[in-house]
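The chain contents come next:
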Amino acid sequence: ETGVTQSPTHLIKTRGQQVTLRCSSQSGHNTVSWYQQALGQGPQFIFQYYREEENGRGNFPPRFSGLQFPNYSSELNVNALELDDSALYLCASSLPNPGIHEQFFGPGTRLTVL
Amino acid sequence: SQQGEEDPQALSIQEGENATMNCSYKTSINNLQWYRQNSGRGLVHLILIRSNEREKHSGRLRVTLDTSKKSSSLLITASRAADTASYFCATDAETGNQFYFGTGTSLTVIP
Chain A
-13 ETGVTQSPTH LIKTRGQQVT LRCSSQSGHN TVSWYQQALG QGPQFIFQYY
37 REEENGRGNF PPRFSGLQFP NYSSELNVNA LELDDSALYL CASSLPNPGI
87 HEQFFGPGTR LTVL
Chain B
18 SQQGEEDPQA LSIQEGENAT MNCSYKTSIN NLQWYRQNSG RGLVHLILIR
68 SNEREKHSGR LRVTLDTSKK SSSLLITASR AADTASYFCA TDAETGNQFY
118 FGTGTSLTVI P
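Listed in order, the protein sequences are those of chains A and B. So for the first sequence, the working numbering puts the first residue at -13; every next one is plus one. So for the second sequence, the working numbering puts the first residue at 18; every next one is plus one.
Source of the hints: derived by calculation from the structure; they are not laboratory data. Note that CB positions come from ideal geometry on N, CA and C, so glycine has one too. Hints may be right or wrong, so weigh each one.
[Stated by the list, open to error] If you only want the chain A side, here are some residues facing chain B, beta carbon under 8 Å, derived: (1) F31; (2) L69; (3) A73; (4) L76; (5) F91.
[Claimed, not checked] Looking from chain B toward chain A, a few residues come up when the C-beta cut is under 8 Å (computed): (6) S45; (7) S56; (8) R58; (9) H62; (10) I66; (11) N69; (12) A99; (13) Y117; (14) T120.
[To be verified] Label pairs and their calculated CB-CB ranges: (15) N63(A) <-> E32(B): 23 to 33 Å; (16) P82(A) <-> T44(B): 17 to 27 Å; (17) T94(B) <-> P48(A): 22 to 32 Å; (18) G26(A) <-> N39(B): 10 to 20 Å; (19) T44(B) <-> G26(A): 21 to 31 Å; (20) S56(B) <-> F46(A): 43 to 53 Å; (21) A24(A) <-> N35(B): 37 to 47 Å.
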């Protein structure tokens, strides 16, 4: 197992609500990336945080936002939830530039939007 | 849209056989990585190959990269039941801090 933890494990929300997902990065890693994985699909890159700043973003609307804290843990916030937001949300920590460094993934948070 | 696509989508083999899965991507890359995922859990990094490399080995894994064809292949030799999982290729965009996973190959190794 990696040292990356995510909470909660499972979450059920209704359309229009807001949700906050949390991720604790592996010791020594200052970069956190978030991914959305729909059932049967590959993970889709949401955004990346490096030293508390957003450092890259995928094709997701502004209602997907995030934070990174001084201890490099991170939050993913999703406002105005839609049914299509139902997915497994994965966070991964790494050294800077996950393109050249191994990413360590957490177990994920499974979000269901009703 | 996702950067990569794996082929085949699903593969079923007997234990001891070799498994080959392919990945195609769309734009120029710096590096390509392969990850494995068990049953909707977190992903585990397997191997990274740089754009100036053509082949790389790690244990029972062999990865090739053909940048002219924008494709890569992952070979797992002497497969085991424990290799049953989904396998994804992942690439970084040559420009910008973005990271793309493919659609995945679901591998089943029958004991």
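Hints versus structure:
1. At about 5 Å, the closest approach between the beta carbon of F31(A) and any beta carbon in chain B falls short of 8 Å, and the interface hint on this residue holds.
2. For the restraint placing L69(A) at the interface with chain B, the shortest Cβ-Cβ distance is roughly 19 Å, beyond the 8 Å limit, so the hint is violated.
3. For A73(A), the interface hint is violated, the least distance from its beta-carbon to any beta-carbon of chain B being 10 Å, above 8 Å.
4. The beta carbon of L76(A) is positioned within 8 Å of a beta carbon in chain B (closest approach about 6 Å), and the interface hint is therefore held.
5. Because the smallest distance between the Cβ of F91(A) and any Cβ of chain B comes to about 4 Å, under 8 Å, the interface hint for this residue holds.
6. Residue-level restraint check for S45(B) is violated (minimum Cβ-Cβ distance to chain A is 12 Å; threshold 8 Å).
7. Hint status for S56(B) relative to chain A: violated, with the closest Cβ pair at about 11 Å, above 8 Å.
8. The criterion of a C-beta within 8 Å of any C-beta in chain A is met by R58(B), whose closest approach is roughly 6 Å, and the hint holds.
9. Here the hint on H62(B) is kept, as its CB sits about 4 Å from the closest CB of chain A, short of 8 Å.
10. A cut of 8 Å between beta carbons decides the hint on I66(B): the least distance to chain A is about 11 Å, and the hint is violated.
11. Interface restraint check: N69(B) against chain A, minimum CB-CB distance 13 Å, threshold 8 Å, status violated.
12. For the restraint placing A99(B) at the interface with chain A, the shortest Cβ-Cβ distance is roughly 16 Å, beyond the 8 Å limit, so the hint is violated.
13. Checking Y117(B) against chain A by beta carbon gives a least distance of about 6 Å; that is within 8 Å, so the hint holds.
14. Of the supplied interface hints, the one on T120(B) holds, with its beta-carbon coming within about 5 Å of a beta-carbon of chain A, less than 8 Å.
15. For the pair N63(A) and E32(B), the supplied restraint of 23 to 33 Å is violated, since their beta-carbon distance comes to about 45 Å.
16. At roughly 21 Å, the beta-carbon separation of P82(A) and T44(B) lies within the given 17 to 27 Å, and the hint holds.
17. Checked against the given bound of 22 to 32 Å, the beta carbons of T94(B) and P48(A), roughly 46 Å apart, lie outside it.
18. Between G26(A) and N39(B) the C-beta distance comes to about 19 Å, which sits within the given range of 10 to 20 Å.
19. Roughly 24 Å separates the CB atoms of T44(B) and G26(A), a value that falls within the hinted 21 to 31 Å.
20. At about 25 Å, the CB distance of S56(B) to F46(A) disagrees with the hint of 43 to 53 Å.
21. A hinted range of 37 to 47 Å for the beta carbons of A24(A) and N35(B) is inconsistent with their spacing of about 30 Å.
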